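One line per chain: the protein sequences are D and P, in this order. Using our numbering, read the first sequence as starting at 1 and increasing by one per residue. Using our numbering, read the second sequence as starting at 1 and increasing by one per residue.
Simulated from the structure, these hints should not be mistaken for lab results. These figures come from a predicted structure and were not determined experimentally. Keep in mind that a hint or two might mislead.
Mimicking DMTMM-like on lysine to aspartate or glutamate, the simulated pairs with C-alpha atoms at most 20 Å apart in a straight line are [as the list claims (entries may be wrong)]: (1) P:Lys183 <-> P:Asp249; (2) D:Lys9 <-> D:Asp26; (3) D:Lys145 <-> P:Asp348; (4) P:Lys251 <-> P:Glu283; (5) P:Lys317 <-> D:Glu158; (6) P:Lys56 <-> D:Asp64; (7) P:Lys327 <-> D:Glu69.
Some but not every residue of chain P turned toward chain D, in silico, with C-beta under 10 Å [said to hold, decoys possible]: (8) Asn94; (9) Tyr331; (10) Glu340; (11) Gly350; (12) Tyr366.
Glycine residues also receive a C-beta, built at the ideal position from the N, C-alpha and C atoms.
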Amino acid sequence: MSELLERLKEKVSNQFGEALIEGHMDYDFPVLVVAKPKIKEILAFLKSEGFTYLTTLCGIHFPDNVGAEFAMMYQLHSLERNERVRIKTFMSEKDIEMPTITDLWAAANWMEREAFDFYGFKFKGHPNLKRILNMDEMNYHPLRKEYPLEDASRHDKEDKYFGR
Amino acid sequence: METTTPSVENKEYSTLNLGPTHPATHGIFQNILQMDGEIIMSAESTIGYIHRAFEKLGERRPYNQITTLTDRMNYCSSPINNMGWHMTVEKLINCDVPKRAQYMRVIIMELARIADHVICNTVIAVDTGALSGFLYMFQWREKIYEIYEAVCGARLTTNMGRIGGMERDFSPEVIEKIRTFIKEFPVALDEFDRLVTRNRIFVDRTVKAGPISAERALEYSFSGPNLRAAGVDYDVRVMNPYSSYQDFDFKIPIGQNGDTYDRYMVRMDEMRESIKIIKQALENLPEGNFHADVPDFYLPPKEDVYSKMEALIYHFKIVMGETDVPKGEVYHCVEGGNGELGFYLISDGGRTPYRLHMRRPCFIYYQAYTEMIRGSMLSDAILTMSSMNVIAGELDA
Numbered sequence: 001m002s003e004l005l006e007r008l009k010e011k012v013s014n015q016f017g018e019a020l021i022e023g024h025m026d027y028d029f030p031v032l033v034v035a036k037p038k039i040k041e042i043l044a045f046l047k048s049e050g051f052t053y054l055t056t057l058c059g060i061h062f063p064d065n066v067g068a069e070f071a072m073m074y075q076l077h078s079l080e081r082n083e084r085v086r087i088k089t090f091m092s093e094k095d096i097e098m099p100t101i102t103d104l105w106a107a108a109n110w111m112e113r114e115a116f117d118f119y120g121f122k123f124k125g126h127p128n129l130k131r132i133l134n135m136d137e138m139n140y141h142p143l144r145k146e147y148p149l150e151d152a153s154r155h156d157k158e159d160k161y162f163g164r
Numbered sequence: 001m002e003t004t005t006p007s008v009e010n011k012e013y014s015t016l017n018l019g020p021t022h023p024a025t026h027g028i029f030q031n032i033l034q035m036d037g038e039i040i041m042s043a044e045s046t047i048g049y050i051h052r053a054f055e056k057l058g059e060r061r062p063y064n065q066i067t068t069l070t071d072r073m074n075y076c077s078s079p080i081n082n083m084g085w086h087m088t089v090e091k092l093i094n095c096d097v098p099k100r101a102q103y104m105r106v107i108i109m110e111l112a113r114i115a116d117h118v119i120c121n122t123v124i125a126v127d128t129g130a131l132s133g134f135l136y137m138f139q140w141r142e143k144i145y146e147i148y149e150a151v152c153g154a155r156l157t158t159n160m161g162r163i164g165g166m167e168r169d170f171s172p173e174v175i176e177k178i179r180t181f182i183k184e185f186p187v188a189l190d191e192f193d194r195l196v197t198r199n200r201i202f203v204d205r206t207v208k209a210g211p212i213s214a215e216r217a218l219e220y221s222f223s224g225p226n227l228r229a230a231g232v233d234y235d236v237r238v239m240n241p242y243s244s245y246q247d248f249d250f251k252i253p254i255g256q257n258g259d260t261y262d263r264y265m266v267r268m269d270e271m272r273e274s275i276k277i278i279k280q281a282l283e284n285l286p287e288g289n290f291h292a293d294v295p296d297f298y299l300p301p302k303e304d305v306y307s308k309m310e311a312l313i314y315h316f317k318i319v320m321g322e323t324d325v326p327k328g329e330v331y332h333c334v335e336g337g338n339g340e341l342g343f344y345l346i347s348d349g350g351r352t353p354y355r356l357h358m359r360r361p362c363f364i365y366y367q368a369y370t371e372m373i374r375g376s377m378l379s380d381a382i383l384t385m386s387s388m389n390v391i392a393g394e395l396d397a
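Work out the full structure: start from the sequences and follow the hints.
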């Protein structure tokens, strides 16, 4: 599996140079972390390299990671060679505009709407960017970490009571 | 929304609001259709009516409590979701499950697949007007639920299996029930086949209804029987075998046209293949333990909890959700009843996942529905929806 990672790293860095920030293995999965401005070109390049199936995409929020609070994750799959790859890109909370990939994969339409709904990513060029699972009147993005599920006045589950 | 929209030919389309609660849609789906007579000119889907924030809830719950959330996604085959979740966590904690537990899981998952396909295929028949097949076959779904009941005590939202294996071994009663089932079900399936598959009305209604080409299906990231009906042989069980699927000999049925009839036929054949898998798994069921030795995650036997300190501590830690897990990111997918069901899990080492994203197959392929029904009759649109096996619980998470 790691030879797949090396091969992908080489291909992407040959094509895009600095835009490939790093690559590593997460369990059985090769992961490429790339710079945001090139994300769409890299995804289009990987699609032309046989990764034609978009498995899933989602947003992630790291509020403690100052300067790179948000991340987008894309998972591609090459059905011919049975290879999977995960592409991640990090961005600051001030700049969460992403290029849409709905023109590359029709399936990205609802997935991007979901990422917008829950995290507020603005997908530039998306044909119909509105909330999908939550109601339209909602004025916040619920999967962000600043919205705790637990009642904020509740202290009985704090780590210190469990010796941690 | 306007009530009528004039077109270039100076025609007026009427707007039909199909759903959210409509007896013909088998769930909470809303589609706003622009109709020219009985032909659908365009459609717009609205989803999210039963959204329950599983991904957010998952960020608060300890790992063993998330299984119950997965039950409520595709509730027609909840054991597959349960096992998929357990396997994701097992991958994260690097736990090897004994062969016996893997085979037991395969048997349960294939039974769940049959239950799922029974519902879907009989409902297609109901939507063409053939109610009797549905009534006959539901008896067999009931028998599968009786097997679930004997395995874990629950019927619909099963919460079956545990991280590390199964909660208990198959009792002789379970084995007997499964043996009877695999002997009698194929006979009933053939009967249903004779009743419906070549029925003139059924064929007229389903052939060429709601077709999708293989190219478009891949663009839309279809998976499961819907993708295979379009002629692409992608099945997670073969591509990325999990839980010892590589040990079994089975075929992947594929269709050609991606229409309602092909989706129906693929599911019919898959049920027969599932029976083959169950037969092989039951015959070769290995001896050994039914769970791995992971005391941090697997509840100790009750008598030990009452008599041994060690077991009591583990019991407390698991029940209170105080087990630490390694840091890491995993993605694990299983072949669910309607496609590739994936769990993407980020752990920061705490008691709950940092981020849990579920790749829900019908959320992804249902967006093609408006394209598939454009230009077809209203009655075909209903049939197309039931043949896509869209489950509201999974769609809305």
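The hints, checked one at a time:
For the hint pairing Lys183 (chain P) with Asp249 (chain P), the CA-to-CA distance comes to about 18 Å; that is within 20 Å, so the pair holds. At most 20 Å may separate the alpha-carbon atoms for a hinted pair to count; Lys9 (chain D) and Asp26 (chain D) meet this at roughly 15 Å. At most 20 Å may separate the alpha-carbon atoms for a hinted pair to count; Lys145 (chain D) and Asp348 (chain P) meet this at roughly 14 Å. Distance hint between Lys251 (chain P) and Glu283 (chain P) is fulfilled; the C-alpha atoms sit about 19 Å from each other, no more than 20 Å.
Only pairs whose Cα atoms come within 20 Å are accepted, and Lys317 (chain P) paired with Glu158 (chain D) is accepted, the gap being roughly 15 Å. For the proposed pair Lys56 (chain P) and Asp64 (chain D), the alpha carbon gap of about 18 Å is at most 20 Å, so the pair holds. For the given pair, Lys327 (chain P) sits about 19 Å from Glu69 (chain D) by alpha-carbon distance, which is consistent with the 20 Å threshold. The beta carbon of Asn94 (chain P) comes within 9 Å of a beta carbon in chain D, closer than 10 Å, and the hint placing it at the interface holds.
This hint holds: Tyr331 (chain P) has a C-beta 6 Å from the nearest C-beta of chain D, less than the 10 Å allowed. Look at Glu340 (chain P): its Cβ gets to within about 7 Å of chain D, closer than 10 Å, so that hint holds up. Interface hint status for Gly350 (chain P): upheld, as the beta-carbon distance to the closest one in chain D is roughly 9 Å, under 10 Å. Proximity of Tyr366 (chain P) to chain D holds as hinted, the smallest CB-CB distance being about 8 Å (cut-off 10 Å).
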